[in-house]
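Student: Single-letter residue listing:
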Amino acid sequence: MNSARPAWAIETEGLTKVYGSGNTEVVALRDVGMRVRPSELVALLGPSGSGKSTFLAAVGLINAPTSGRVRIGGRDVLDGPKALIDPRTFRRRHIGFVFQKSNLIPFLSAVENVRIALQINGESARAGRRRAMELLDYLDVADRADHDPTMLSGGQQQRVAVARALANRPSVILADEPTAALDSRRGRQVMDLFRKVAHEQGAAVIVVTHDHRSLDLFDTHYEMEDGRLREIAPSTEPA
Amino acid sequence: MNLAIKDIRHSLGRFALTSVGVGMLLMVVMGMGGIYRGIIEDATLLIDRVGTDFWIVQRGTRGPFAEVSRVPSNLVHRAMSVPGIASSREFVYHTIQREHNGRLLRIAVMGLSWPMDKGEWLTLTAGRSLERNHFEMIADESLGLPLGTVIQLGRESYAVVGTTRHLISANGDGVAFVTVRDALDIQADAPGESIRLERAAREARGREFELVLQQPGLLSNAERPSMELPAVARPQLSAVMVSIAHGADPDTVAEVLGGWQDVSFFSKQGQRELLLKGSVEKVRRQIGLFRALLTTIAAIIMALILYTMTLDKIHSLAILKLIGASNTLILAMILQQALLLGGIGFGIAIALGDRIFPLFPRRVIITANDLGGLALIVLGISIASSLLGIWKAVRIPPGEALA
Ligand SMILES: Nc1ncnc2c1ncn2[C@@H]1O[C@H](COP(=O)(O)OP(=O)(O)OP(=O)(O)O)[C@@H](O)[C@H]1O
Ligand SMILES: [Mg+2]
Numbered sequence: 001m002n003s004a005r006p007a008w009a010i011e012t013e014g015l016t017k018v019y020g021s022g023n024t025e026v027v028a029l030r031d032v033g034m035r036v037r038p039s040e041l042v043a044l045l046g047p048s049g050s051g052k053s054t055f056l057a058a059v060g061l062i063n064a065p066t067s068g069r070v071r072i073g074g075r076d077v078l079d080g081p082k083a084l085i086d087p088r089t090f091r092r093r094h095i096g097f098v099f100q101k102s103n104l105i106p107f108l109s110a111v112e113n114v115r116i117a118l119q120i121n122g123e124s125a126r127a128g129r130r131r132a133m134e135l136l137d138y139l140d141v142a143d144r145a146d147h148d149p150t151m152l153s154g155g156q157q158q159r160v161a162v163a164r165a166l167a168n169r170p171s172v173i174l175a176d177e178p179t180a181a182l183d184s185r186r187g188r189q190v191m192d193l194f195r196k197v198a199h200e201q202g203a204a205v206i207v208v209t210h211d212h213r214s215l216d217l218f219d220t221h222y223e224m225e226d227g228r229l230r231e232i233a234p235s236t237e238p239a
Numbered sequence: 240m241n242l243a244i245k246d247i248r249h250s251l252g253r254f255a256l257t258s259v260g261v262g263m264l265l266m267v268v269m270g271m272g273g274i275y276r277g278i279i280e281d282a283t284l285l286i287d288r289v290g291t292d293f294w295i296v297q298r299g300t301r302g303p304f305a306e307v308s309r310v311p312s313n314l315v316h317r318a319m320s321v322p323g324i325a326s327s328r329e330f331v332y333h334t335i336q337r338e339h340n341g342r343l344l345r346i347a348v349m350g351l352s353w354p355m356d357k358g359e360w361l362t363l364t365a366g367r368s369l370e371r372n373h374f375e376m377i378a379d380e381s382l383g384l385p386l387g388t389v390i391q392l393g394r395e396s397y398a399v400v401g402t403t404r405h406l407i408s409a410n411g412d413g414v415a416f417v418t419v420r421d422a423l424d425i426q427a428d429a430p431g432e433s434i435r436l437e438r439a440a441r442e443a444r445g446r447e448f449e450l451v452l453q454q455p456g457l458l459s460n461a462e463r464p465s466m467e468l469p470a471v472a473r474p475q476l477s478a479v480m481v482s483i484a485h486g487a488d489p490d491t492v493a494e495v496l497g498g499w500q501d502v503s504f505f506s507k508q509g510q511r512e513l514l515l516k517g518s519v520e521k522v523r524r525q526i527g528l529f530r531a532l533l534t535t536i537a538a539i540i541m542a543l544i545l546y547t548m549t550l551d552k553i554h555s556l557a558i559l560k561l562i563g564a565s566n567t568l569i570l571a572m573i574l575q576q577a578l579l580l581g582g583i584g585f586g587i588a589i590a591l592g593d594r595i596f597p598l599f600p601r602r603v604i605i606t607a608n609d610l611g612g613l614a615l616i617v618l619g620i621s622i623a624s625s626l627l628g629i630w631k632a633v634r635i636p637p638g639e640a641l642a
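In the order they appear, the protein sequences are chains S and R. Its first residue numbered 1, the first sequence is counted upward by one per residue in our numbering. Its first residue numbered 240, the second sequence is counted upward by one per residue in our numbering.
With beta-carbon atoms standing in for the labels, derived distance ranges: (1) Ile595/R / Asp143/S: 44 to 52 angstroms; (2) Asn608/R / Ala127/S: 43 to 51 angstroms; (3) Ser67/S / Ala531/R: 52 to 60 angstroms; (4) Glu25/S / Gly612/R: 54 to 62 angstroms; (5) Leu550/R / Asp76/S: 31 to 39 angstroms; (6) Leu568/R / Arg230/S: 35 to 43 angstroms.
Derived EDC-like pairs (lysine to aspartate or glutamate); straight-line CA-CA distance at most 16 angstroms: (7) Lys245/R / Asp146/S; (8) Lys196/S / Asp219/S; (9) Lys196/S / Asp137/S; (10) Lys196/S / Asp216/S; (11) Lys101/S / Glu639/R; (12) Lys101/S / Asp183/S; (13) Lys245/R / Asp148/S; (14) Lys516/R / Glu306/R; (15) Lys196/S / Asp140/S.
Reference excerpt, derived from the structure (chain S facing chain R, CB under 10 angstroms, subset only): (16) Leu56; (17) Ala57; (18) Asn63; (19) Leu104; (20) Ile105; (21) Asn113; (22) Gln119; (23) Asp148.
To be clear, the hints were calculated from the coordinates, so they are not data collected in a lab. Ideal Cβ positions, reconstructed from N, Cα and C, are used throughout, including at glycine.
Work out the full structure, taking the sequences as your base and the hints as a guide.
Tutor: Here's what the structure looks like:
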C-alpha cells in the first residue's frame, strides 16, 4: 500500500457510537467524519466526556462503532466488502498507539518494550534489536535503553512509547493525551516529537490533547463536543 | 525474548517464595505417597525376609501377624513328617510393652527356632547373629537399643548382639529376635507375686486331688516352675513355618496340610494378602484418600497463584494485545510460567523431601515410579491451573490499556 499512496491516510464517515441502551444509553459519537492526509498532524480538542477517546478507539480498531465507516490507507477496515481483516493483525502492522501514562510493560526494559512490538510482528531478534536502538536514538533516549520503565522520567517514558508506536512503520499514529502527565516544557518537547514523526516518517498522527499551549505545532485542529466533530482554526481556541 | 522469563526475573523474590510454597505443598503430596508405600513395605518385609513357603496356624485364624494364633508345639514334628517338607520351624511372635531406662518400649518379639535358625537370614547393620540359645537378642534399630545394650525383660537380662533395619511389625513396633525358648519366657514372664499366688492356688487345688491324697509327695511338684511340671503341655507356639523340599510339589503338600482338621495354613503370598487386606487396608485407604485430597488442594492453590499472577499483569497483557500480540503469545507466556512454577516446585519438593523424610518415625519410601507419577500429576496440575489465568487473559479487552 506504500507504492500507490492514497490521498487520505484516515477517512471516517458517519461514525456513531452508542453505549448501553434504554436508561443508560449514551451517544458518544454522532455522525463523525474526518479526513487525515499522510504526514498530517491533527489536534483533537474537547471537554471531558465529549467522545475523543471513543473516536480514537473506533479508528484504532479497538472498539467498533455502532455505525459508520472507517477507511485506513483507502481500505475499509470495518464490515465493508473489502474488510476481511483481523483487527489485531491490522493494528500490529498499520497503527501505533501512545496514551496518557503507563504505556510501557513494567517487566521489560526500555529497549525491550520497543523490541516486543517488532517481535510480535515477526521481526528477527537481531534486526529487532538494531531497529529498537535506532528508534531510541532517534527519540533521544538511547542512553536509557536498559533501564526499567520505573527508572525513567515521565518524558522519557513517553519517548520510549513513541519509539514503540513507530516500530513497525505504521501509517497511522493515535495518541490519547500523551502529555497529560508531563509539565508544559516536557509536554511541548513530546508534541514536537509527534510533529517530527509525522513530517519525517509520513504517518498520519491524531493527538487528543487539552494542552492549548502547544497547538501551534499542529497542522489541523478539530474540536469534539457532545459527540459532534468540527474543525476549528487555532485562533478560535479559548484563552 | 521470552516474556514469561522476563516477567519472573522482574519479580524474582516473589516468584522464588511462591515456588518454595508450591514445593512444600508438593513435598507433602509426595510424602503421603511415600508413607503409603512405607506402610505396605513395612507390613510385608518380615514375611518376605523369613523366607518360608507355608504358615501353619490355629484353625480358623488369620495369624500369626494379623491376629493371635496358638498351635501346639508338637505340630513342628507332625509337619516334618509330611513328605515333601524339607524343614519345619517353630514360630513365636507377640508384642510386649515394657519400660526400659524410664522410657516406654513396645517390642514385637519374634522367636528363632534354635539351633536350626540363629537369624543368619537377617541382614544385620551391626553385630552378629545369635550364638547362644539364651539371653541374646537381635534388635531392630527403630527400638533404639544399640549393640551391647542389656535389657531386662521379666527376670532375665538380654544382651543386644546384632541390629537390623526396617524390620517392624504391622503396627510399627520394632522387632527383636531371640530364641523360641526365650520368646516364650518373655511372654510367660510374670512378676514374683503373681507366680507365688499361682503356686499357692495350684497347691490348694492339689490338696483336693485324689491322687495327691494317696501320694502326698506329688504336692511338692506344685512349687516347681510351671514349665517343668510333668503332664502339663509344653507352651504353645504362634505358628509353624515349613519349607518345601527342592523338587517337591507344593500342591501335594498343600493337599496334605489341607486335610488336617485342627489347623489352617497359608502360603507366603496368602500371608502377604492377609496383612494388606486386613490391618493395613484401612490405613492404606485413609492415606490414599488423603493424598487425593491434597493433590486437589495443590491444584486449586496453584490455579489461584497463577490467576493472581495473571491479574497482576492485566495492564501489561492489554498493552500487548493493543500492539497486536496474538492470544497464542499470551497463552504461551502463562503456560510457561505455570510449567516453570510446577517444575521448580517439584525440584524443591524432592530436595526438601530427601532431607526431611528420613527424620520421620516410620519409613517414607519414594520409588522412581511414584516420582514419575508425581511428575505427571504436577504437569497436569500446572496445565489445568493455568487455564483459569488463560481464560482471564483471553478476555482482557485491548482497550483496557487506554484506561
Ligand atoms: N465503555 C463505556 N460504556 C458506557 N459509556 C461509555 C464507555 N466509554 C465511554 N463512555 C461514555 O461515552 C462518552 C464519551 O467518552 P470518552 O471516553 O470518549 O470521552 P473523552 O472525550 O475521551 O473524555 P476525557 O477527556 O475525559 O478522556 C462519555 O459520556 C462516557 O461516559
Ligand atoms: Mg479520553
